Each structure stands twice: as structure tokens, then as C-alpha cells.
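*Asks:* Given next are the chains, with one letter for each unit.
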Amino acid sequence: MNLVRDLLDKALVDRNGRDMGRVDRVVLDIRDGAPPRVAALEVGPAVLAHRLAPLAGRWAAALEHAFGVDEGRPLRIPVRDLLGIEDHVKVDLAFGDTAAATIEQRLRRWVGAIPRSS
Amino acid sequence: MSAIVDLVLGIVTSIGGFVEAGSISTAAQAGSEFGLQLLWAIAAATVMLALLVEMSGRLAAVSRRSLAAAVRERFGVHFQIVPLTAELLIDVLLLAAEIGGAAIAVKLLTGIGFQWWILPIGLVAWLVLWLCQFGVIEYGLGLLGLVTLAFVAAAWKLEPNVSAVGASLIPSLPTHHHTRYAFLAVSILGATVSPYLLNFYASGSIEEKLNESELWVNRTTAYVGMCFGGVVSMGALVTSAAVLQPRHIVVDSYEQAALMFVPAFGRWAVTLFAASLGIGCFGAAVELALNAGYTFAQVFGWSWGANKPRREAARFTAAFTIVLLASVAVGLIGFDPLRLTMLSVALTVVIMPLVVLPFLVLMNDEKYVKKHTSGVIGNAFLALLTVLGALLALVVVPLELLGG
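Just so you know, the protein sequences line up as chains A and B, in that order.
Residue numbering for the first sequence follows our numbering, beginning at 1230 and increasing consecutively.
Residue numbering for the second sequence follows our numbering, beginning at 391 and increasing consecutively.
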């Protein structure tokens, strides 16, 4: 597998097929005398911004903290939770139970307060 | 039967949704300043748009991905960030220009200053996005947009010289104002081939669940719909050339552009022009805002779709709301809508290679489009026109801005 081509930036879905985001970073486990292994995937705007520029990553993390949505973020998904990699990367998690859903859930409260939102 | 209905609706709404602030203003200015001479630019841009739109639908039908999503996956975020940022900034300007165009249309009907209509039009656009599903947005606004056929009717009534119209489809150099001519040619290209249309069309194809077996519907809709849409734009240019140029009226406001309808429609001229401008601009504004939501959601992997309850795709809803708010804020600053339109469409051409060239790579990658890759001639035509247009824009846009 080519990690950049086949994993990084791919759409991530939970076990029910719900959109969770994209694979924003691949975490490798590097040990002496052994080939590197994929340890986890990370999802979140701070991780994505950090890939573009470390300063942007710090700003994004600071913004998340300022808005009180930083708990458990960025979401790190251990490789054991991967169910498969096809068109999407499917993981054995429920989107709503993870920190990837924090902003969506916060916005839902606001959007849901407006008539005819559901 | 369903495919035939989709096909007819698709073609009709493509025609109704073709003309907006950019195409009306560039065609009116080109006609008033250079007569029929820039008709070839509309023809070339329309062929380019038809090819690109067909490709967008094909990408969506085969890969189940929109352009924004496929570019993120294929090229990564480092590549995507520059064109994405540039496109979103220009989309905010374009959206402000479309809202401004719709506001001018209401001003023409009511006599009340256009600035007063920016906020109400932004609010109505948001309500349409909040309340309507994709089909209502796309087909409803497209059908209303058929009023823009008034440009074709006006051109027809003015009985232009058919052989002169035909001869103008072959590019020729002007005898005067070369920079202005090049600027208008570039602007026509930018007004016709707005990059947002590509992602919007692909996203719409996914919303409509277009699949690989319906590629012929996509192909026919794109080619026939866009080509007839181009005829509406040409109608605006021909009418402007026949009415405004002989009277030495140079279009520097939409109010002046409205005069092109007077010989054809008499006392209904202003009403028809306002309806064409207003509905065309409003439809484009709704599509631009919706596409901003699509783009953010697809790049970041959020839940999206105009067919989903807004609460079920809260970040997508927030994204189109914020972009709409930003554009209303730009509109409220008080820029002249026509100048804002001309600036936005010219800048569009500068960033076009960043959007079109990766798209061409995707459309030749069998991982995404399987056996439905693009042909050599289409690829070469699109790459050549995109790069030439951008190079020309890099030269003439600064000259025009400095000169103007």
C-alpha cells in the first residue's frame, strides 16, 4: 500500500457509513531494526492545518480551545479499528460517540433551533 | 421514461440557468464597444464549458466523487489549498456581484436604490437554501430563468445580418482598443466558464444519483443544454451590438444595458431586462452559495447535501450561510455591481488553470473514471484555451485595472 496515495486525505466513514471527515494524518510507529508500521490515523482541523504549516496548526488548535471544542481532539483512531480501505476508509466506531462529531453536534443545537431544520 | 424527463428538465434548466451577471455584463459591453466582433469568444467559451460540465458529470457518475473531493484525494491538501482558497475568495466576490445584479434589477423595477435590496436578497437566497431540496433549487430557478430567452427574442426581432453573425464566430483582431478587446475576451471566458460550475454540476449529479448507465443523459444535457445556453448569451451580445453600438452607448452600468431592449420590447423593455437580470443573478447567487457549502463539506469530509435535512448536515449548512453572509457584507460596502462583476470574471480566468489542469489529470486516471477517460482532442483544446486565457488575463487585467 502507498500510504499517501491510498490512505492520506481519503474520506473516513464510521461503521454505519456516516461521514467522519478525512484522514488528515497517518501516525507511524518506528522501531529500531523493524520496518515502520501504521499505528493510527488522525482527524481534525488542527492536524490538517499543521500539515500545511505548524503555525497554522497551533492557531487552529487555539481556536478549538477558545470555542471549547478541543476535548479529545484531534481524534486518533488506532489501526486496530480499521474495517477496510476501499473508496472510503471504514472504521469500527460510531461517529456520534467520537470527538470528530463535537463541532457538528454543537452546530446541530443551533441549526435545530431554527424552524424547519429537520 | 424517468431518464427522458431528467434529460428534458436538465436541458431546459441549463438554458434557463446559463445567463447571469457575468454573461449579461460582458456580452452587453462587448456588443456596445465592438459590435459582433467578440461573438467568437462566447462560442469558444461555451464549447469549453460544455466539455468541462460533461466531464464533471462523468466524474461524479463513475467515481461518486465531486471535483473538490477527488482533487483532495488525488493531489492532497498541499496542492489543493492554493486553488481552493483562490476559488473561494473569487466565489465570494462573484456571489456579491450576483446579489448586486439582482439588487439592480429590483431597483430598475422599484426606483429604490440597489443598496437597500442587498440584505433582503441575501435573506431570500438563504431562505431558498434553507427550505428547498436540490430539485426545487435547480429546476425551479432554471425554469424561472427561461425569461432570459428575452435576449434571444430581442436579437431575433432586430433581424441581424445572419452572414455577419456567422462571420463573427471566427476570431478576428480589432482595429482599435486592443487591450480592451483582449480584456473583454478574457472576461467572456471567465463569465462563461466559472470554476464553481464544475463542482456544482458534479455535486448535483451526486445529489440526483446519476450513475454510470446514465452517462448519455449527462452527455446530452451538457452539450445540448450548454450550447443552447450559449445562444442566450450570444443573443445579449447581438442585441447590444444592434442597439447600443450604433448609438455610441458604452455600457458602464446595468441601467444602460437595459436600453438594449427598448427597440424590441418598447414599454416592456425595462421590466423584461430587470426580470432577466434579476432571476439570472438570483439563481446564480443561490448556486454559488450552495456550492460553497458543497466545497467545504467535500474537502473536509463532512456530511452534505441539499436533499438532507439542514440539521443532519449542520457544518454544510453553516458553511453556505457564512459564505452568503460574507458576500452580503461585501455587497453592502457599496461596490458598483457591474465593476465588481467584471473584476471577478477576469480574475476567474487567472485561476482557471489551477482548477482545469488537475481536473484533466483526474479525467485521465482510470482509478476515478475507469474506462471513461477523456479524449486527446478535448484534453488538448481545454488545456490550450485555459493556459492561453490565463496568460492573456495576466497581461490585460492589470493593464485594464490601471487604465480604468
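Honestly, the hints are just simulated from the structure, not real lab data.
Being a predicted model, the structure only gives us computed values, none of them experimental.
Some clues are possibly wrong.
[To be verified] List of simulated lysine-lysine pairs, DSSO-like, C-alpha gap at most 30 Å:
no.	chain 1	residue 1	chain 2	residue 2
1	B	Lys-760	A	Lys-1319
2	A	Lys-1239	B	Lys-599
3	A	Lys-1319	B	Lys-761
4	A	Lys-1319	B	Lys-757
5	A	Lys-1239	B	Lys-547
6	B	Lys-599	B	Lys-760
7	A	Lys-1319	B	Lys-599
8	B	Lys-497	A	Lys-1239
*Asks:* Now look at each hint and say whether the structure bears it out.
*Replies:* Against the structure, the hints come out as follows:
For the given pair, Lys-760(B) sits about 22 Å from Lys-1319(A) by alpha-carbon distance, which is consistent with the 30 Å threshold. Under the criterion of a C-alpha separation no larger than 30 Å, the hint pairing Lys-1239(A) with Lys-599(B) is consistent with the structure, at around 21 Å. With a C-alpha separation of about 26 Å, the suggested pairing of Lys-1319(A) with Lys-761(B) holds against the 30 Å cut-off. Proximity of Lys-1319(A) to Lys-757(B) is assessed by CA-CA distance (about 19 Å); at most 30 Å being required, the pair is judged to hold.
Between Lys-1239(A) and Lys-547(B) the alpha-carbon distance is near 55 Å, which puts this suggested pair outside the 30 Å criterion. Restraint check for Lys-599(B) and Lys-760(B): the C-alpha separation of about 18 Å stays at or below 30 Å, so the hint holds. Proposed proximity of Lys-1319(A) and Lys-599(B) is supported: the alpha carbons are some 22 Å apart, at most 30 Å. Restraint check: the Cα-Cα separation between Lys-497(B) and Lys-1239(A) comes to about 48 Å, which exceeds 30 Å; the hinted pair is violated.
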